[in-house]
Every structure is written in C-alpha cells, then in structure tokens.
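Asker: One-letter residues, chain by chain:
Number of protein chains: 2
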Amino acid sequence: MSVFTSVTEPDLAAWLQNYAIGRLEQLQGISAGVQNSNFFVTTSLGRYVLTLFETMPRSELPFYLHLMAHLARHGLPVPAPVANRDNEYLGTLSGKPATLVSRLAGRSEMTPSVGHCARIGAMMAGLHLAGMSFGRRQPNPRGAEWRRDCAARVRAHLPPDQQAELDAELAYQAGVDLKALPQGVIHADMFRDNVLWDGDFVGGVIDFYFAGHDALLFDVAVTVNDWCAAADGGLDPARSTALLAAYAENRPFSDTERAAWPAMLRAAALRFWLSRLEDFHLPRAGEMVLVKDPDEYRQILRQRARATAMPALPA
Amino acid sequence: MSVFTSVTEPDLAAWLQNYAIGRLEQLQGISAGVQNSNFFVTTSLGRYVLTLFETMPRSELPFYLHLMAHLARHGLPVPAPVANRDNEYLGTLSGKPATLVSRLAGRSEMTPSVGHCARIGAMMAGLHLAGMSFGRRQPNPRGAEWRRDCAARVRAHLPPDQQAELDAELAYQAGVDLKALPQGVIHADMFRDNVLWDGDFVGGVIDFYFAGHDALLFDVAVTVNDWCAAADGGLDPARSTALLAAYAENRPFSDTERAAWPAMLRAAALRFWLSRLEDFHLPRAGEMVLVKDPDEYRQILRQRARATAMPALPA
Chain A
1 MSVFTSVTEP DLAAWLQNYA IGRLEQLQGI SAGVQNSNFF VTTSLGRYVL
51 TLFETMPRSE LPFYLHLMAH LARHGLPVPA PVANRDNEYL GTLSGKPATL
101 VSRLAGRSEM TPSVGHCARI GAMMAGLHLA GMSFGRRQPN PRGAEWRRDC
151 AARVRAHLPP DQQAELDAEL AYQAGVDLKA LPQGVIHADM FRDNVLWDGD
201 FVGGVIDFYF AGHDALLFDV AVTVNDWCAA ADGGLDPARS TALLAAYAEN
251 RPFSDTERAA WPAMLRAAAL RFWLSRLEDF HLPRAGEMVL VKDPDEYRQI
301 LRQRARATAM PALPA
Chain B
1 MSVFTSVTEP DLAAWLQNYA IGRLEQLQGI SAGVQNSNFF VTTSLGRYVL
51 TLFETMPRSE LPFYLHLMAH LARHGLPVPA PVANRDNEYL GTLSGKPATL
101 VSRLAGRSEM TPSVGHCARI GAMMAGLHLA GMSFGRRQPN PRGAEWRRDC
151 AARVRAHLPP DQQAELDAEL AYQAGVDLKA LPQGVIHADM FRDNVLWDGD
201 FVGGVIDFYF AGHDALLFDV AVTVNDWCAA ADGGLDPARS TALLAAYAEN
251 RPFSDTERAA WPAMLRAAAL RFWLSRLEDF HLPRAGEMVL VKDPDEYRQI
301 LRQRARATAM PALPA
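Sequences listed follow chains A and B, in order. Going by the UniProt record's numbering, the residue at position 160 of the first sequence is 160; the numbering climbs one at a time, nothing skipped. Going by the UniProt record's numbering, the residue at position 123 of the second sequence is 123; the numbering climbs one at a time, nothing skipped.
Simulated from the structure, these hints should not be mistaken for laboratory data. It cannot be assumed that every hint is accurate.
Heads up, incomplete: computed chain A residues facing chain B, CB under 10 Å, no partners named [what the hints assert, rightly or not]: (1) V7; (2) Q17; (3) T43; (4) G46; (5) A69; (6) A122; (7) M123; (8) G131.
Glycine included, every Cβ here is placed at the ideal spot set by N, Cα and C.
The following block holds chain A by itself, in its conformation from the complex:
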C-alpha cells in the first residue's frame, strides 16, 4: 500500500482554496507506488492526482515537476503539474512536500503487442526530442557512477559466482564511454507499469522521479529490456524491431549509437540488477520498497552479454 501519510478532507479542501480548480468533491487513496503517498482528487472542475513526497528532498522536486510540465506543454501524454494561485507547482500538505497533477486515462499493459511497442518507441523519441529544449539539468541519479558505487555496496552480499559475473560486467562497462553518445533528459524508468494505455494510444507515462541527463540510448535500452523481453530474458525480435523502428522514425540513431547498442543493453540491465540487489540486501530504514526479484535482471544481463540474435538499431 502507498498511503504513508494521511490527508483529511477538511485539510485538503482548505489547501485547494489556493488553486483555481473548484471545490473538493472526492478524496481517495491509491494503492500503488512505493516512494510517495498518492490520492485521487475530484473537484467540481476535474480529476487530479495528489502526491505527498515521503522521502525525496524538497530541493530535488522542482527538476521533476518542471520536466513534466515542459513535456506536457510539448503535447506529450504525461501528468501535468497543476500551478496554484501563486503560480507554484509545489506546496506543503500534512507536513510533506505536495503537488497536484492531471489524472491521466488508462491502465498498464503487462503483455504488450508489437503495436504497443511501436507506440512506446515513438513516445520515448518524443520525450527525448521535447527534452532537448528543457533548461534544467541534473545527472541521471542511477548513472555510471552510481552503478560502480552500488556494486561496491552489494558485492559482499553475493555468492562467489554472482560476484564474478558482477566483476566481469563492471570491467566490460569500464571500457564504455556513455559521454560519447548523444545526451539529453531521459526518463530512465519507462517500464510497462509506468505507462497507461488509453485504447491504442499512450494515455500517459508516469513516474519521472528517476529522470536525469545521460545518454539517450541508455533510456532506449532500459525500455527495450523491459518491453521486449521474452520469457527467458532474451529479446523478442518483432517487438524490439517495432520499438526501435518507431523511435528511429522520430529520432534517427547515429553510427556511434549503433556501435554502442549491445553495451548499452548490458548497462541498462546492470542498473536494474544492481538496484534490485540493493533493495533486497540493503533495504533502507523507513522506506516501503516493493522488493522485486534481482535474478530477473541477472538473467536479462546474461542474455544481453550473450548477444545472440540481438536486434540491431535501424540504419
């Protein structure tokens, strides 16, 4: 469950008086999400989502909120932060940093088709293109440096065979220069459960709280690893091809990116193997983290390192 801090209707009704969206009609907790408390809020003028930030420092939030606002302003289906009467996105409610965003239509699709994957490729390219005119910067919080540091933290908790695999992958990745690839703002966590579908259209991409600047191709790799994985962790050729072709139609890949693609799929797999290992072995006090199986991403990393039948980036 994901309501760690409670909000009363009178408190919310009073808080909403500094907005222009009418009167509170309904407040309902949402049982999804692992870092924040989320609520559906209905007013006389519409349907919104209220988020109370439980663990993220207030100073880090403007980057994410302004990024979502920027992408929404470019016509992309993402939650649009709602400005209050002081023109601010961020307020305080029940003692926590709090924001309202537009409520998006649709639900997640955990068994995506080739058609879904094509839409996702177009959506990711749209995020990358619109992000190029976004003025704020922060590094990918799960970038290369974090991966090295996290590996050092979790290594001692692993059996010898996994330590060897981790060492080998770190040595391989040490030779990869992500900085040589086209850079930009990346979502960095566009998994199937972070996308809502409204019929055949992307109704919304949510959860921008891992976004930052890094190689755009790293974002593509994170997404392909999740959306196009077969049961054995290998890549489904039809779904991978559809996602990459739709992306390239909107932002063509460079030669440097084509050369770096196999390494980038491995870097993206490593990032999630590591975070899942850390959540499993080193859970943080006071955080309600939904622990996901690290072995799923160990297996995906093995498959990417094997690299048989790897779909190439389109020319």
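Take the given structure of chain A and dock chain B to it, following the hints.
Answerer: Below, chain B without anything else, positioned relative to chain A:
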C-alpha cells in the same frame, strides 16, 4: 463550413517534424467555427486540433495562446497549446499563422440543467482566479468603448423604435462605471456552444479569441444571459441561482458587484445585440460569419431592463 485554407498531409507531416508528438496518422477538417480553419490531427502520440488563423493579426495571437497555456497549467479544462521544438506555440502553415492545441473530450449541451449551470459557475470562477496571475494584458475587444463605437456604426440601419431603444440603453450604460468593479482576464464569450461536456464534467471551454481585461462581473453576465435564459429571454431562477452560487463559492461577489449586477446583465445583452446587428447590417468582406438573429439579444436586453424576478447575486 470552416476550412477556408486547405492543408495537405505532406505539408502537415513536414511541419510536425518540428514537434515532439510523433508521426501524422490522420488529418480531418472540422465544420465549426467562423473565424478560423480547424482540423483534427491524429499522430502516433495523441489527438490534437490544428487552427489556421484566417483574419486575426499574428501580433494579437500570443495573448490568446499564452492565456490558454496559463489556464491549462492551472489545471483548468481548456485547449492547451502545444509547443514546438523551438518552444514556440505559434508557427506558419499554408501561409497562415497556425497553432496546435490539445483535443478535448465531449460535446456541447444546448439545453443545460441546473447541474450544468453550477459547473459553469465554478468554471468561470476558476478562469477568473487563475487569470489573476496571468502577466499579459489587453483590453476587452468588445468593451464599453467598442459598444459605443459599434452603436454609432449600426444605428442608421435600424428602424426608429430600435434606435430609441438603443439610445436609451446607451444613455443608461453611460452612467455605469465598469472600472469600479473587480477587474481581470475574462473569456467574454462563454456561450453554450463554447463548452464541451465530458459526462457531468466540463470537458473543455474553447474559443478564447474574445478574451481580454474587463470587469469580471461582465463575464458572469454574458454567461448567465446565455446559460440561464428562458424561452422568452427572461432568466430561469433555478439555473441562475445555481450558476451564481457555484461562482460565489469560489470567488465571493463584492457589494459593488451586487449593486452593479442588473446594469451588467444589460451591458452584456447590449454587447451581443450590437455585434449581431453589425454582423447582419455590416458584414465584413471576406469573412464567413454565421449571422445569428439580433432580435434574440434585443429581447434579452428588454427582459433585463424590465428586471422583474431578477436573481440577485448571493451575499
């Protein structure tokens, strides 16, 4: 019909390459609106409306587009202009100033209930509250000065009894000081056909091209005159009361506004009697204006001047 300028699919597809919303999938003309050419545009990432401005000067458009963007950013259901990759809302297509906005859900309701009128009151208050932090200014293009000038233009075309009515109303309005009332950005044309309904919710308020700064109460009067009129032009008490109560719940009326209310209903009726007389007697060359019956608003003005059973503004 409302496609005065044609747009080809190849031209639009090329134009969309400076946006981040994917590839063109469908282009369809819209047969509504009298000043601009409008099209439904579907891309791989969503559904939008394309507007080509046929008669409005390019220099006047940023006020309207930034106003819509400001209101959308405050969580209100209005068309949100889509920024292109240069971060601009306004471009050029088929030789005309052109903009893309989000496509809103719903359809107009020409026989509104008491419940609809309450939503409209809340929506209008939301527009006025959010508008207070909008930085750009332009006067109401159909304000008191325009009404005097327009009366001078149409007077000679009227029969003597209507000239006498017009003279009497102008003399009455000359004693009314709109500047003494709370001011702000007003929509100024929130008629039933400019509101889309998404179930019980306002899906969207459209057509901001008469917006400007004026007495907020003038906007309320324009809206009440349209949404709450009975068949004889008189005000339906239940609908009027619901609209005004919902407005006041979000922005309470002042004593000055309560005193000015009957005069404001007449000023708002006069504005539409005049513009309809002008469209009828002095049609502008090259504009395809849908001529509406001036007598409907002459009758509404008579009813407001009579002022029997006038619903008062809530205390």
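Asker: Indicate, hint by hint, whether the structure satisfies it.
Answerer: Verification of the supplied hints:
| no. | hint | in the structure |
| --- | --- | --- |
| 1 | V7 | violated, 18 Å |
| 2 | Q17 | holds, 9 Å |
| 3 | T43 | holds, 8 Å |
| 4 | G46 | holds, 6 Å |
| 5 | A69 | holds, 7 Å |
| 6 | A122 | holds, 4 Å |
| 7 | M123 | holds, 6 Å |
| 8 | G131 | holds, 8 Å |
Hint 1 from the list above is the single one not met by this structure.
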